[in-house]
Amino acid sequence: MKKKLASRYFMTLLLIVLSLLFVTPLFFMLVTALKRPEDLATYPMSIMPPVYQWKHFKELIFSNDVIHFWQALGNTMTLTFVQTAIVAISSALAGFGFARYKARGKNFFFSVLLATMMLPTLVTMIPQYIVFSQLHLVGMPYPLSYLPLWLPSLPGWAFFIFLYRQFFATLPKELEDAAMIDGCGRLRTFWRIFMPMAGPAIVTTCILVFQWTYTEYGGAVFYLSNDAQVLAVEMVTHIRIPNANVLYPLPNIPYQMTVGVMYCVPLLLLFAFAQRYFLQSLVASGLKS
Amino acid sequence: MSAHTPYMTSTSTAESFKKFLHREGTAFYGFISLWLVGLLVLQLFPMISALVLSFTNFNGLDLPNTAFVGWSNYLEALQSPDAHYSLGLTLIYTGLSVPLGLATALILALLLNARRRLRGLYRTAFYLPTLVPLAATALIFKAIYEPNFGILNLFISIFRPGTAYNWIGNQGLYCLVTMHLWTCGTIMVIFLAGLQGIPEEQIEAAKIDGANSWQLFRRITWPLLSPITYFQLMLGIINALQMWVPANILSTTTDANSFWNPKHALYVYPSYALQQMMSSQRVGYGVALIWILFVLVLVLTQIVRKTSRFWVHYAVEQEEGAREK
Numbered sequence: 009m010k011k012k013l014a015s016r017y018f019m020t021l022l023l024i025v026l027s028l029l030f031v032t033p034l035f036f037m038l039v040t041a042l043k044r045p046e047d048l049a050t051y052p053m054s055i056m057p058p059v060y061q062w063k064h065f066k067e068l069i070f071s072n073d074v075i076h077f078w079q080a081l082g083n084t085m086t087l088t089f090v091q092t093a094i095v096a097i098s099s100a101l102a103g104f105g106f107a108r109y110k111a112r113g114k115n116f117f118f119s120v121l122l123a124t125m126m127l128p129t130l131v132t133m134i135p136q137y138i139v140f141s142q143l144h145l146v147g148m149p150y151p152l153s154y155l156p157l158w159l160p161s162l163p164g165w166a167f168f169i170f171l172y173r174q175f176f177a178t179l180p181k182e183l184e185d186a187a188m189i190d191g192c193g194r195l196r197t198f199w200r201i202f203m204p205m206a207g208p209a210i211v212t213t214c215i216l217v218f219q220w221t222y223t224e225y226g227g228a229v230f231y232l233s234n235d236a237q238v239l240a241v242e243m244v245t246h247i248r249i250p251n252a253n254v255l256y257p258l259p260n261i262p263y264q265m266t267v268g269v270m271y272c273v274p275l276l277l278l279f280a281f282a283q284r285y286f287l288q289s290l291v292a293s294g295l296k297s
Numbered sequence: 346m347s348a349h350t351p352y353m354t355s356t357s358t359a360e361s362f363k364k365f366l367h368r369e370g371t372a373f374y375g376f377i378s379l380w381l382v383g384l385l386v387l388q389l390f391p392m393i394s395a396l397v398l399s400f401t402n403f404n405g406l407d408l409p410n411t412a413f414v415g416w417s418n419y420l421e422a423l424q425s426p427d428a429h430y431s432l433g434l435t436l437i438y439t440g441l442s443v444p445l446g447l448a449t450a451l452i453l454a455l456l457l458n459a460r461r462r463l464r465g466l467y468r469t470a471f472y473l474p475t476l477v478p479l480a481a482t483a484l485i486f487k488a489i490y491e492p493n494f495g496i497l498n499l500f501i502s503i504f505r506p507g508t509a510y511n512w513i514g515n516q517g518l519y520c521l522v523t524m525h526l527w528t529c530g531t532i533m534v535i536f537l538a539g540l541q542g543i544p545e546e547q548i549e550a551a552k553i554d555g556a557n558s559w560q561l562f563r564r565i566t567w568p569l570l571s572p573i574t575y576f577q578l579m580l581g582i583i584n585a586l587q588m589w590v591p592a593n594i595l596s597t598t599t600d601a602n603s604f605w606n607p608k609h610a611l612y613v614y615p616s617y618a619l620q621q622m623m624s625s626q627r628v629g630y631g632v633a634l635i636w637i638l639f640v641l642v643l644v645l646t647q648i649v650r651k652t653s654r655f656w657v658h659y660a661v662e663q664e665e666g667a668r669e670k
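Residue numbers (the working numbering), protein chains in the order written: chain E, 9 to 297; chain G, 346 to 670.
If you are wondering where the hints come from, they were derived from the structure by calculation, not from laboratory data. Just so it is clear, CB atoms sit at the ideal spot from N, CA and C, and this is done for glycine as well. Among the clues, some could well be false.
[What the hints assert, rightly or not] Covered, in the sense of this in silico footprint (three residues per stretch, anywhere, with C-beta under 8 Å from a C-beta of chain E), are these stretches of chain G:
hint : region
1    : 384 to 396
2    : 418 to 432
3    : 496 to 506
4    : 534 to 546
5    : 638 to 646
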């Protein structure tokens with residue numbers, strides 16, 4: 009019994025140490041955002057900022073001196089919301105087809121679907137980039153500049169098609185029959201009867217697509233430039249420090265961390281309000297086998 | 346027939362189209378048509394054209410003056426020291442980050458599963474890092490590893506004053522792996538859900554039979570988690586082989602022009618391919634490199650698939666149980 013108690017204490021201790029280790033970089037981001045550049049180089053190191061530099065956040069929010077923050081965040085949001093809507097609807101269409109109708113060749117296409125899930129994105133994205141740039145779809149004016157990122161989502165993402173299929177397959181057959189008798193066409197049946205019932209699948213899709221697109225970096229580097237660029241790329245490449253007189257790269261770091269904190273806020277809010285759905289979505293994405 | 350979508354005709358040839366005119370079949374192809382067209386136009390066509398381009402000297406702009414050069418791109422890729430170096434880096438990264446990430450996630454999940462009090466708090470602590478966008482994560486770790494002012498060196502300086510070790514320059518790969526481990530919360534949550542799907546009675550019964558914790562894990566927990574592990578292993582390999590964003594952010598300066606800079610400390614294989622395409626304008630060679638990567642992904646995932654029957658256990662009822670939770 010004593011041994012058991014000791015192992016329990018050990019496990020608790022391990023958990024505390026590990027969770028502190030995991031939180032430390034986040035804590036570091038927050039305190040660094042509030043430090044002056046020269047505070048970073050003090051020796052011995054000071055954990056808390058000697059003077060809290062709330063002005064970093066002020067500069068970010070109320071001016072464009074450091075980075076075009078609102079523009080970049082707005083771009084990120086535009087990209088993300090449209091992307092989420094596209095994937096949520098188009099994946100549902102294909103998933104519905106796979107779940108509710110019998111057809112010759114369905115098994116074949118279903119295995120094609122499963123195979124495309126394992127396709128590395130880099131392998132499709134680079135050839136897509138070549139085709140899009142030949143079609144002059146790259147570098148179009150503002151809202152159209154996101155077209156090369158939205159277009160590949162129009163067919164739906166394989167993983168979410170699969171998710172919707174699993175969901176729609178659980179609904180009773182009578183639903184369609186009833187809709188049919190009421191004279192509902194197939195698209196109307198899908199849109200008016202099945203989609204309103206697909207809440208869990210829609211929420212899962214939206215949360216995951218939102219998170220993945222909001223944090224997207226590679227695609228944005230390929231396709232976007234200047235005014236259309238998203239926050240992820242801007243914070244890495246376009247932080248300008250007005251009259252910096254401290255040794256490079258020191259002046260950048262606090263501002264990078266400030267932008268980093270602000271960048272995390274929308275996702276953290278989403279997580280705070282939809283934690284249960286967030287974790288459920290993850291589980292849905294991982295238990296598939 | 347009112348619901349048939351107009352995309353129908355573009356999906357299949359005339360003969361097979363007649364066979365498919367059966368109502369349900371038509372509906373099926375109507376609903377998947379968008380996906381099917383997208384698959385052909387946006388995935389298959391670009392990939393095939395990239396395959397064709399990989400045998401040419403295409404520079405990204407001048408398609409009319411592009412000539413076929415046979416296998417020379419592939420031969421160059423096999424001989425180039427840069428390709429060897431970057432591929433080696435990518436393979437070592439994959440070999441380290443994927444197993445270590447899975448192991449860390451599993452250990453965290455097992456620790457959390459055994460503990461009831463404050464579980465939500467610990468879980469949040471492990472999960473929070475995955476909510477930080479990749480670019481921000483890379484910048485945080487870049488600041489931590491900074492040679493002169495990074496928190497890691499300042500911390501070591503407490504014990505060994507004056508430490509100014511260039512972590513990213515000398516141990517870049519391990520910096521990347523550590524960063525990857527920091528974000529293993531996603532897989533941990535998935536493991537945790539799998540663990541909670543394990544029926545309580547089964548564990549009680551085994552305990553009554555006198556099984557110790559290792560036997561419990563080996564005989565009950567692990568077999569039930571192995572399908573999840575298998576799926577995560579596959580995904581992990583695919584993602585690790587095409588990892589390049591954090592490597593580029595960590596090892597280049599924050600200047601837009603240097604982003605495609607060749608020969609930085611963390612010159613992973615995809616970075617090399619992209620650099621060849623974007624700044625050296627050698628698109629033909631770049632897509633050849635990408636196709637080699639694709640073949641590598643296929644080979645490695647097939648190897649894992651072949652070995653899976655030795656260690657992945659499929660138990661249908663328990664799987665269902667896990668899913669319902």
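To see whether the hints hold, each was checked on the structure:
1. 384 to 396: Since 8 is at least three, the answer is holds.
2. 418 to 432: violated (count 0)
3. 496 to 506: holds (count 5)
4. 534 to 546: Since three or more residues must qualify, the claim that chain E covers the region 534 to 546 of chain G holds, with 4 doing so at under 8 Å.
5. 638 to 646: With 4 residues in contact (Cβ-Cβ under 8 Å with chain E), the coverage given for the region 638 to 646 of chain G holds.
Hint violations for this structure: number 2 only, all remaining hints satisfied.
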